[in-house]
Amino acid sequence: MSAVHDPTELAAEAPGPLYASRVRVYPRAVRGPVRRFKWAVLIACLAIYYALPWLRWDRGPSMPDQAVLLDIWNERFYFFGLTLWPQDFYILTGLLILGALSLFLVTSVFGRVWCGYSCPQTVWTDLFMWVERLIEGDRNARMRRDASPLSLDKTWRKTAKHAIWLGIAFWTGGAWITYYVDAPSVTRAFWTFNASTPVYFFTFLFTGTTYALAGWAREQVCTYMCPWPRFQSAMLDEQTLIVTYQGWRGEPRGHGKRTPDAAQARTDAPPLGDCVDCSACVNVCPTGIDIRDGVQLECINCGLCVDACNEVMQKVGAQPWLITWDTLARQAARKQGQALPIRWWRLRTMLYAGALLLVAVAITAGLVLRPVTSLSVLHDRAPLFVPLRDGSLRNGYTLKVDNKTPHATTFALTTAGLPDATMILSEQSAAKRHELALPVAAESVGTFRVVVQGRPTALRDGKQPLDFVLRDPQSGRRVTYRSLFVGPHGS
Amino acid sequence: MPTKIEKDSVTGRDTTGHEWDGIRELDTPLPKWWVYVFVATIIWAAVFCLLYPSIPLGRTYFHGLLGYSSRATAMREVAAIDARHEAAMAEIGRLPFAAIEKHPDLMAVAMTDGRITFANNCQPCHGPNGEGRIGYPALGDDVWLWGGRIGDIQHTVTVGIRSGDPDARSSQMPRFGVDGILKPEQIQAVADYVTALYGIAKPGRDISAGRQIFADNCAMCHGDKGQGNQDVGAPPLASHIHLYDANRATIVAQVTNPRMGVMPNWNHRLDPATIKSVALYVHSLGGGQ
Numbered sequence: 087m088s089a090v091h092d093p094t095e096l097a098a099e100a101p102g103p104l105y106a107s108r109v110r111v112y113p114r115a116v117r118g119p120v121r122r123f124k125w126a127v128l129i130a131c132l133a134i135y136y137a138l139p140w141l142r143w144d145r146g147p148s149m150p151d152q153a154v155l156l157d158i159w160n161e162r163f164y165f166f167g168l169t170l171w172p173q174d175f176y177i178l179t180g181l182l183i184l185g186a187l188s189l190f191l192v193t194s195v196f197g198r199v200w201c202g203y204s205c206p207q208t209v210w211t212d213l214f215m216w217v218e219r220l221i222e223g224d225r226n227a228r229m230r231r232d233a234s235p236l237s238l239d240k241t242w243r244k245t246a247k248h249a250i251w252l253g254i255a256f257w258t259g260g261a262w263i264t265y266y267v268d269a270p271s272v273t274r275a276f277w278t279f280n281a282s283t284p285v286y287f288f289t290f291l292f293t294g295t296t297y298a299l300a301g302w303a304r305e306q307v308c309t310y311m312c313p314w315p316r317f318q319s320a321m322l323d324e325q326t327l328i329v330t331y332q333g334w335r336g337e338p339r340g341h342g343k344r345t346p347d348a349a350q351a352r353t354d355a356p357p358l359g360d361c362v363d364c365s366a367c368v369n370v371c372p373t374g375i376d377i378r379d380g381v382q383l384e385c386i387n388c389g390l391c392v393d394a395c396n397e398v399m400q401k402v403g404a405q406p407w408l409i410t411w412d413t414l415a416r417q418a419a420r421k422q423g424q425a426l427p428i429r430w431w432r433l434r435t436m437l438y439a440g441a442l443l444l445v446a447v448a449i450t451a452g453l454v455l456r457p458v459t460s461l462s463v464l465h466d467r468a469p470l471f472v473p474l475r476d477g478s479l480r481n482g483y484t485l486k487v488d489n490k491t492p493h494a495t496t497f498a499l500t501t502a503g504l505p506d507a508t509m510i511l512s513e514q515s516a517a518k519r520h521e522l523a524l525p526v527a528a529e530s531v532g533t534f535r536v537v538v539q540g541r542p543t544a545l546r547d548g549k550q551p552l553d554f555v556l557r558d559p560q561s562g563r564r565v566t567y568r569s570l571f572v573g574p575h576g577s
Numbered sequence: 003m004p005t006k007i008e009k010d011s012v013t014g015r016d017t018t019g020h021e022w023d024g025i026r027e028l029d030t031p032l033p034k035w036w037v038y039v040f041v042a043t044i045i046w047a048a049v050f051c052l053l054y055p056s057i058p059l060g061r062t063y064f065h066g067l068l069g070y071s072s073r074a075t076a077m078r079e080v081a082a083i084d085a086r087h088e089a090a091m092a093e094i095g096r097l098p099f100a101a102i103e104k105h106p107d108l109m110a111v112a113m114t115d116g117r118i119t120f121a122n123n124c125q126p127c128h129g130p131n132g133e134g135r136i137g138y139p140a141l142g143d144d145v146w147l148w149g150g151r152i153g154d155i156q157h158t159v160t161v162g163i164r165s166g167d168p169d170a171r172s173s174q175m176p177r178f179g180v181d182g183i184l185k186p187e188q189i190q191a192v193a194d195y196v197t198a199l200y201g202i203a204k205p206g207r208d209i210s211a212g213r214q215i216f217a218d219n220c221a222m223c224h225g226d227k228g229q230g231n232q233d234v235g236a237p238p239l240a241s242h243i244h245l246y247d248a249n250r251a252t253i254v255a256q257v258t259n260p261r262m263g264v265m266p267n268w269n270h271r272l273d274p275a276t277i278k279s280v281a282l283y284v285h286s287l288g289g290g291q
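Top line first, the protein sequences correspond to chains A and B. 577 is the number that this note's numbering gives the last residue of the first sequence; the numbers go up by one with no jumps. 291 is the number that this note's numbering gives the last residue of the second sequence; the numbers go up by one with no jumps.
Worth flagging that the hints you see were computed from the coordinates, not collected in a lab. Certain hints may be false.
Think about it this way: if two alpha-carbon atoms lie no more than 27 angstroms apart in a straight line, the pair counts; the simulated DSS-like pairs of lysine-lysine are [stated by the list, open to error]:
#, chain 1, residue 1, chain 2, residue 2
1, A, 490, B, 104
2, B, 104, A, 518
3, A, 401, A, 343
Far from chain A, by Cβ distances over 12 angstroms, these chain B residues were calculated [stated by the list, open to error]:
#, residue
4, 51
5, 82
6, 118
All C-beta atoms in this analysis are idealised placements derived from N, C-alpha and C, irrespective of residue type, glycine included.
With these hints in hand, go ahead and build the complete structure from the sequences.
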């Protein structure tokens, strides 16, 4: 609806209070397809959240067998068959960018459906409201009880509600921890009082935040704390599908009987619209707003008012979908009696979708092309070379071998570029070999000090290239690192 | 001071009177709980000041009821690390080298301790990474005056060379020139022979005289082929690397009036476990045998 208003009317009375109590929202229960869909999303989200850490995934001996584990202490993130090392963090950054772009795209097409259906704040608030309704009854009963003086009935219901809330919150806080440490072992440690202080601290911290945010703060998180509603206006446009009250159909609203045309002619009043002004849409709203005021900051686009209004429209025998999902452009056209198609593809959605595709391809490529074995070689800074008794030279190197495979692997190291070169693993044995065996545990980095001995034949400016060739005997994969063999100048 | 405080007709609320390009700001009251949170932070601060060190009192300070001190915490952690280190060093002192090398954790402690001890005590002569310098042996090459096995290194570090320690490794090269054992021309001849061993001889020079003098006077310690003898600390002469410079004049000077290096005994400065760590570190530099 258009918001033409005249704000020039000067305030007559003294300025209002600086602080105001929160106006309590008592959302009424509602039934309908939207509500059923919202329950389904809620159950799916919560099931994933609580169950995922318990999913096992065999990675072989001495490796964590949790499917999803963010092992911060050991600097490894496990996602099913994928293990991310700190140097793979760009992939995680890419996933976050992917998440942000998806949010932009979905919001520009369907409005704030993230807020309305899958935001944790919405999901847990919905769950807490369901508990509240179960114990304290629906909107009217709750309002009546809250207004009544303290009684046994009120006491036990409030106590029971908060106890169950705290229980859910504790379960939620505990589940959070299991994403960071092995779920079965930390659960056992928790209940035998053997878990570490951070485990207890974060469990109770997230218990507290869940209880406070979903039980008490609720819609205030969305209106006061969350930045998303503030910049959603940059994603929404007149072609976005949003929960819309069809003012052209509903107004003028009124309780009165819808009079037949003949009787209508005898009165001066314009015919009433479809809106019977029953306030059902306001009563079911989890953020306590009136959708008939148009799109507004507080609206999380959950569509519960759609279900509520449809129920009433059915009762009064009017067409349903007085409140529906529609775009501002189509509503403006409807007002003129025209029908416009929904424009899914606009520059905005095409740009978001294109960027989304690009990042998705880049991440997939990054994952597929990610080397599972890598070798880096650091030449000793001093001494650059050591001359030996027989006139040959020794160069010292520090090798780092990344083994990103889930198997302990013994790599074979050879050199190329220096005829008849021999190597010594100087920290382990004095034996000279042409091929070294470098054992590296699964998913870890092996560090080796290697001394290469040989007679350089092609020194130029005191150095010549020397290749280290690392071979995985199982897969046959080779990694080559080009380093230098250093000798005296002018030889 | 804003002057145009108006009532917004949509919300029925006052505006603040601020206006930016036609956009007016509603004067929405702050939620009360927000104010309570603000008060709670003040109370939190007061309680924090009571519990933790907070108020400076001239030369001292109020320690707080909990008596917390970040320095004391850090020192406790340092003490814990020291205790762990001491336990590891005790193991290093107790176990033979072969057992230490099989134990990666002990080996890591030994290598770190050895590296630091080397930097503090050995590097002024042997160089930061054991590269050596003239008169001071390089430790990464394959020439060892007194043996390059790990036990040899440990013993050398412990008792030193010509250090004055009763068990010190010691040997004496005769002063062939100064004491008149060899005549100057004999010294010149043996120097010719030794340059041949070094591989820097001038071509066409007759070295047979020098060879005989060498066999009679030098081979006893340096070996008949100039291969050296670690039992007496005699350096190999048939080699490309030398403790002193590799030229004929240096050979003549050394035969005439030899320089002999001294390495201190470290048994009075370093405990046996630390010496073992240094030996492991030196052995790992690349020359260990």
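Cross-check of the supplied hints:
no. : hint           : verdict
1   : 490/A to 104/B : holds (25 angstroms)
2   : 104/B to 518/A : holds (19 angstroms)
3   : 401/A to 343/A : holds (13 angstroms)
4   : 51             : holds (22 angstroms)
5   : 82             : holds (16 angstroms)
6   : 118            : holds (16 angstroms)
This entry satisfies every hint, going by the numbered hints stated previously.
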